[in-house]
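Let chain A serve as the given structure and place chain B on it in line with the hints.
Here the protein sequences come in this chain order: A and B. When you line the first sequence up against our numbering, it's residues 1 to 584, in that order. When you line the second sequence up against our numbering, it's residues 585 to 1158, in that order.
Each hint should be verified, as a subset may be incorrect.
As the list claims (entries may be wrong) - Now the stretches of chain B that chain A is said to cover, found in silico as 3 or more residues with beta-carbon under 8 angstroms:
hint : segment
1    : 607-621
2    : 670-682
3    : 692-700
4    : 800-811
5    : 830-844
6    : 931-940
7    : 1008-1019
Please keep in mind that the hints were generated in silico from the structure rather than gathered at the bench. Small disclaimer: the values here were computed from a predicted structure and weren't measured. Here a beta-carbon is modelled for each residue, glycine too, at the ideal position from N, C-alpha and C.
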Amino acid sequence: MSQLPIAETAVVRAHARSLVRQHRRDLIKMLVLYSLAAVMALIPAWIIGRLINFAVHHQLTDPLITRYVGALFLSSITYAGLSFLARRRSYILGETVFAQLREEFLASVLTLPLVEVERAGTGDLLSRTTNDIEALSRTVRFAVPEWLVAIVQTVLTLVAMLLVSPLAALAGLVSVPFIFFSTRHYLRYATPGYMRERASYATMSGAVAETAEGARTVDAHRLASRQSERIDGTIRESFYAELYTLLMRLVWFPSVESAFALAVATTLAWSGWLALAHHLTIGAATTVTLYVVQINDPVDRIVAWLDELQIGQTSLARLVGVSVVRDDRPTQGPEPTSELITLHEVHYAYRPGHDVLNGVSLTIQPGERLAIVGPSGAGKSTIGRLLAGIDRPRSGSARIGDVEISQMPLTTLREHVALITQEHHIFIGTMRENLALAKPSASDIDIAQALDAVDALEWVQALPQGLDTELGTTGYQITPGQAQQVALARLVLTDPHTLVLDEATALLDPRAARHLERSLAAVLHGRTVIAIAHRLQTAHDADRVAVVIEGRIVELGTHDELVALEGEYASLWRSWRNEGPEAS
Amino acid sequence: MLHLPYRELPAADPGVADRRSPLRFLIWLARQQLGTLSLNALFGIGWMVSQALLWAAVGAALDHGVAQRNAKELYLWVAVVIGLGLFQALCGALRHQLAVTNWMNATYRTIQLIGRHVAKSGTALTDEIPAGDIVNTVAADAMRIGGAFDVLARFIGAIIAWVVVSVILLSTSVELGLIVLLGVPILASLTTPLMRPLHAAQAAQRETAGRLAALGSDTVAGLRILRGVGGEEVFLQNYRQQSGRVQRAGNRVATPQAGLESGQIILPAILTGMVTYLGTRDVMRGTLQVGQLVAFFGYATFLTTPLRTAIEYFISTTRGYVGAGRVLRILNVTPLVAEPVRPDTWPEQLDTLEDQRSGLALRRGQLVALVTETPADAVAICDRLGRFVPDVDGVLINGHALSNFSVTETREHIVVSDIEPRLFSGELRHELIPHGPNTDERILKALYAVSALDVLDGLDDGLDATIEERGRSFSGGQRQRLTLARALLTQSDVLILVEPTSAVDAHTEGRIAQRLREVRSGRTTLVATTSPLLLEQMDLVYLVEDGRVSAQGTHSSLLASSPAYRYVVLREES
Chain A
1 MSQLPIAETA
11 VVRAHARSLV
21 RQHRRDLIKM
31 LVLYSLAAVM
41 ALIPAWIIGR
51 LINFAVHHQL
61 TDPLITRYVG
71 ALFLSSITYA
81 GLSFLARRRS
91 YILGETVFAQ
101 LREEFLASVL
111 TLPLVEVERA
121 GTGDLLSRTT
131 NDIEALSRTV
141 RFAVPEWLVA
151 IVQTVLTLVA
161 MLLVSPLAAL
171 AGLVSVPFIF
181 FSTRHYLRYA
191 TPGYMRERAS
201 YATMSGAVAE
211 TAEGARTVDA
221 HRLASRQSER
231 IDGTIRESFY
241 AELYTLLMRL
251 VWFPSVESAF
261 ALAVATTLAW
271 SGWLALAHHL
281 TIGAATTVTL
291 YVVQINDPVD
301 RIVAWLDELQ
311 IGQTSLARLV
321 GVSVVRDDRP
331 TQGPEPTSEL
341 ITLHEVHYAY
351 RPGHDVLNGV
361 SLTIQPGERL
371 AIVGPSGAGK
381 STIGRLLAGI
391 DRPRSGSARI
401 GDVEISQMPL
411 TTLREHVALI
421 TQEHHIFIGT
431 MRENLALAKP
441 SASDIDIAQA
451 LDAVDALEWV
461 QALPQGLDTE
471 LGTTGYQITP
481 GQAQQVALAR
491 LVLTDPHTLV
501 LDEATALLDP
511 RAARHLERSL
521 AAVLHGRTVI
531 AIAHRLQTAH
541 DADRVAVVIE
551 GRIVELGTHD
561 ELVALEGEYA
571 SLWRSWRNEG
581 PEAS
Chain B
585 MLHLPYRELP
595 AADPGVADRR
605 SPLRFLIWLA
615 RQQLGTLSLN
625 ALFGIGWMVS
635 QALLWAAVGA
645 ALDHGVAQRN
655 AKELYLWVAV
665 VIGLGLFQAL
675 CGALRHQLAV
685 TNWMNATYRT
695 IQLIGRHVAK
705 SGTALTDEIP
715 AGDIVNTVAA
725 DAMRIGGAFD
735 VLARFIGAII
745 AWVVVSVILL
755 STSVELGLIV
765 LLGVPILASL
775 TTPLMRPLHA
785 AQAAQRETAG
795 RLAALGSDTV
805 AGLRILRGVG
815 GEEVFLQNYR
825 QQSGRVQRAG
835 NRVATPQAGL
845 ESGQIILPAI
855 LTGMVTYLGT
865 RDVMRGTLQV
875 GQLVAFFGYA
885 TFLTTPLRTA
895 IEYFISTTRG
905 YVGAGRVLRI
915 LNVTPLVAEP
925 VRPDTWPEQL
935 DTLEDQRSGL
945 ALRRGQLVAL
955 VTETPADAVA
965 ICDRLGRFVP
975 DVDGVLINGH
985 ALSNFSVTET
995 REHIVVSDIE
1005 PRLFSGELRH
1015 ELIPHGPNTD
1025 ERILKALYAV
1035 SALDVLDGLD
1045 DGLDATIEER
1055 GRSFSGGQRQ
1065 RLTLARALLT
1075 QSDVLILVEP
1085 TSAVDAHTEG
1095 RIAQRLREVR
1105 SGRTTLVATT
1115 SPLLLEQMDL
1125 VYLVEDGRVS
1135 AQGTHSSLLA
1145 SSPAYRYVVL
1155 REES
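Chain A extracted, bound-state conformation (with noise of 0.2 angstroms):
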C-alpha cells in the first residue's frame, strides 16, 4: 500500500517560518516579556556579589541591608509577576497555533482526491490524525515555548556575565565544547530510538485491543495463552525500545552534568585567582559563579528539548505532506449532454502489467438496472470504481453522456453518479447531522422522506431523541443493517441519475437485504443502478446481467436470456434454486 508523501525539509521550514511570520507580533511580545523576566531572575546573585563587597569592606549596615534584600524580593516577585505573564502568553500562543495547524491538516486531508485516499488506505492518515498530532501537540505547547524561555535565560545570563567581568565569564565556556559534541552525538541516534518508543506503546495498545474486541473467538478456539504470549512480546519490544534510549541518556546525561560541574569548578578557580591577584573583587567572582550554576538550568533545558523538536519536526513533515498532494480533477467542466453511460474497450490495471480489466466494452442506457456478478477478483469491483470516477481507465474509455468521467468536476461527478460500497460508517455527530452531509441545505422534511424511502423512518423516530440523537462510536449504537439503511438514504439525499451498488447489501443478514432492495426499488425507479451483486436474487430482478470472469464480461442479456444460454450463469442459479441441470 502505498504512503502519503512526507513534506521535505524545505517545505518544512518554510511552513514554519510563515507561522512566525503570521504570529510576529504575539511573539515578539512574548520574548519581550520573557527577557525581562530573566533580567529580574539575574539580580539576585548581583545582590548577593554586592553585599558580599560591601561585607568584606566592612560597610554593612542595617538599612543596607534591608534595602537591598527588599531589592531581592522585589526582584523575585517581578520575576514570578513576569514569568507569569509570559508564560500565560506562550502557552496561549502555543495553543493558536496548534489549532491552526490540526484546522489546516484536517482541511487537507478533506481535499484529498479519492483515489489517493483509496490507495493509502486510512491507517497510514489515520496515524497521522493521531499519533502525529499529538507529538505536534507535545512539541508546539511545551518544547516551543520552553525552548524559547530557556534560550532567552541562556542568552542574557551570559550577557550579564560579561557585564560583570568579560575576563572572568571566559571559564564558564568551558563546558560548551563538551556538551555540544555529546548532545549532537546523542540526538543522532536518539530520535528514531524515540520514535521506536512510540510506536510501541501503539503496539501493546492494539495487542491488547485485538485480543479485547475478539473476546470471544479467543475463547472460543483457546487463544488466551497464545494472546498472552503476543501481548508479552510486545512489551518486550517496548522494553528494547526503551532501553535503547535509555542506554543512549546513560552516556548522554552524565556527559553534559559532568560538563556543567567542569564549568562551575572552572569559573570558580578563575574568578577566585582574578580575585586573588586583585583583578576582580570577591563579590564579582561570587556573582560569576552564581551565574554558572544558574545557567546550567536553561542550558539543561536547550538540549533537554531538542529531541522533541526533531519529532515534533517530523511529525510537522508528516501532517504538512498531506497538503502536497493535489486534486488533479479539473473544478469546472462541461455539463454532460446526456445519461448515457459507455465503458468502451477499458483497460485496467492496479499493478503495471497485471491488467484486471481487459476490454470491457458496455453500454449502460439511462433508468436501465444491470446486475455486474462474477467471481471474486474477477473485475466486478473495478467496474463498479470507474463508474464512479475513482480511477480512470488504463487505456479505453469511461463515459457519461459526451464527458469522461475521470475529469468532471467533483460537485458535478456526486449529481450524477455514486458509489455505494459494504463499507458503511456512522459518522459522529446526530442521526441528522449524518444524513445531511449529503445535502446540507436538506430540511426535516427532505430528511424524512428519504428515510421513509428506505424503509427506516420507523426505527429512526422510535430513537431516544429521534434525529438529534447522537450516533457514532461515541454515542447510540445502531445495527450494521441500520447502518446501511443510513448510508442508502444518504444516496437518497444527493439523488445522482445512476447508483452503483458494491455488494451493498453484503454484509447484511439476508432478510434484511431482500427486505431493503425491495423498498429501495421504488427510490431507484427512473435510475440508473448498477449492481455488483453477491446474492442471485439481484441479478434475478435486474434488467439485464453481465457475468465478468477474468476481467472479461463472458455473458451479457436478461436474466431468461443467461438462463436459457446453458452457460455460467445459468448453472450458479440451478445451484442456488436448487434444480439440479437434470431438472429443467
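Same frame as chain A, now just chain B:
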C-alpha cells in the same frame, strides 16, 4: 555484546496481584521491585545531597581561598567542587536508569496483568467494560502507575536533602535551620491550592482534546464516504468548532499552569530572601563568613529542586492511585462460565449433542443445518451448545449434562465459530492452526475447501505472511474464508458454524458448500444458515421457530412440505 545489568522485561510470570484495593495493588507492585526501588532511592539521595553540598564547597573556597587569600585552599576546594559534581553526575545517571527501570517494571507488569486477564475472561470483560476503555487503561493508566514509581526515589532523595540542609543550617544558626526545616513543608502545602484548579482545567482540556481526536479519526475513517457523497464542509466546520473548544480549554489551562510555575518561583524566593537577610546580618555581626553566606544563599535556591520534586511526587502518586483503581476494575471482572469443581471425564466418543430446550439433536458424523427466522435465534442455540452462556440446562453430551464437564475440554471438542470471528496479528500459518500439528499440506487442503487459495496467492510470503492487527488488510470476504479455514483445521468432534459464508459471493459459496462434507466427514457439524447453496448439502435441516424445532428433514423435503421454511430460505411471500 556488552553485558548489561538489565533483566529482560516483561517477567515470564507477572505474579498474582493484590486486588483488594488500589493502595494494596500499588504496594504489591512496589514489593515486586523492592531491590531496584531501594537502589534507586540510594542514588536519588546521593544525587540530591551532593547538589546541596556543592554549595558548602563553593562557600569554603570563597572563605578559605579567596577571603583568606590562600590559593592552595582555593584549589583544594575547587577540587572538592569537581569531585562533588562528578559524583552528582554519576548518581544522577544511575538514578535515572533505575527510575526508568522502576517505571518499566510497574507499567509492564500492569499491562501484562491486564493482557492476561483480557485474554482469559472471554466476553465477560467486554460486556462490562468497553474495549476502548480497556485500551485506554493500558495506554494511560498503566503508564501513570509507572510514573508514580519513577518519581518515588527522587522524592526520598528530596526529603533527605532537605533534612541535610536543615541540619547544616541548624549547626550554624538555629534560626536559619528552623526556617528551612519548617519553611519547605509549609511552602509545599501552599502550592496545593494552586494545583487543584490546574488539574481541573487539565482534565477538561484532555476531555475536549480526546473528543477532538475521536472526531478527527472518525472523519478519516469515514473519508471515503465523505469524498464520495459530500459533506466535507460540514465536517470541517464541526472539527473547527471542536478545535476551537479545545483551544479555549487549553487557554483556561494557561492561567493556573503559569500560576503554579510562578508560585514555584515566588515561594522559594521567600525562603531565599529570609535566609539572605538573616545571613547577611550574621555576617555584619561577624558570626558568619561571607562564603558561608553564599553557601546559605545556594542552599535556599537549591531547595527549589526538592520542593518541585515533592509537588511532582504528589501529582504522580495521585494519578497512579486513580490509575490503579481503573486497573482493578478490569482485573476484578470474573469470566461468565466457571469450571465445575469436580468435572466429569470427557467421553471417549461423542455420540450425541442435544439441546432439550429447542429439541435440536446432533448425531456423530452428521452434517446438520439450523434455520431460524433471525440470526439472533440461531446464535442463542449455538451459544448454549458451545457453553458460552452460564445457563446450559438441558444441553446433554451422550445424555450427560454439559455443565458437569470441564470448560477447557468442551472448548477443545466443541468449537463454535461465531457470526463474526476475528483474526489476530501473527504469522498466517500459526493463525490458521493455533494448536498444531501444522503441516502445510493440511492448511492448503483447508484453504482449498474454503476456496481461499486465491487469498494465499495474493500474499507475497504465502503462509509465512504476517497478518496485520485484526486482519485488517484482508477484505470482509477474505477474512471470513480464513476464519472458516481455521475452524475446519481444528478438526474438532463437533464444529458449529454461524452464517459462515455471509460475506462471500454466490460462486464461492457454492464451492465451499460442496467441499464442506468431505472435510468434515466422520465428524459432527452444525451450520446455522439460510443459504440454499449450503442447505442442499446437509444430511438434516432443522427449522426453529420461537426457540423450538418446528420442522426437520432434508432441504428438498422441507422445501416441498413447509411454507414457513420456503418463506425463510427462498424469501418467497407466503
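Worksheet item: In terms of beta carbon proximity below 8 angstroms, does the segment 800-811 of chain B have 3 or more residues touching chain A?
Response: holds (count 12)
Worksheet item: Under a C-beta cut-off of less than 8 angstroms, do 3 or more residues of the segment 931-940 of chain B approach chain A closely enough to confirm the stated coverage?
Response: Violated, because only 0 residues of the segment 931-940 of chain B bring their Cβ atoms closer than 8 angstroms to Cβ atoms of chain A.
Item to complete: Tell me if chain A covers the segment 670-682 of chain B under the three-residue, 8 angstroms CB rule, please?
Response: holds (count 8)
Worksheet item: Mind checking, does the segment 607-621 of chain B have 3 or more residues with a CB under 8 angstroms from chain A?
Response: Check failed, 0 qualifying residues.
Discussion item. If you count the residues of the segment 830-844 of chain B with a beta-carbon closer than 8 angstroms to a beta-carbon of chain A, do you get 3 or more?
Written reply: holds (count 10)
Worksheet entry | Assertion that chain A covers the segment 1008-1019 of chain B - criterion: three or more residues, beta-carbon distance below 8 angstroms | Contact hint for the segment 1008-1019 of chain B vs chain A: holds, 5 residues under 8 angstroms.
Worksheet item: Counting residues of the segment 692-700 of chain B that have a beta-carbon nearer than 8 angstroms to any beta-carbon of chain A, does the count reach 3?
Response: With 6 residues closer than 8 angstroms to chain A, the segment 692-700 of chain B meets the three-residue bar; holds.
Going through the hint list in order, the structure does not satisfy hints 1 and 6.
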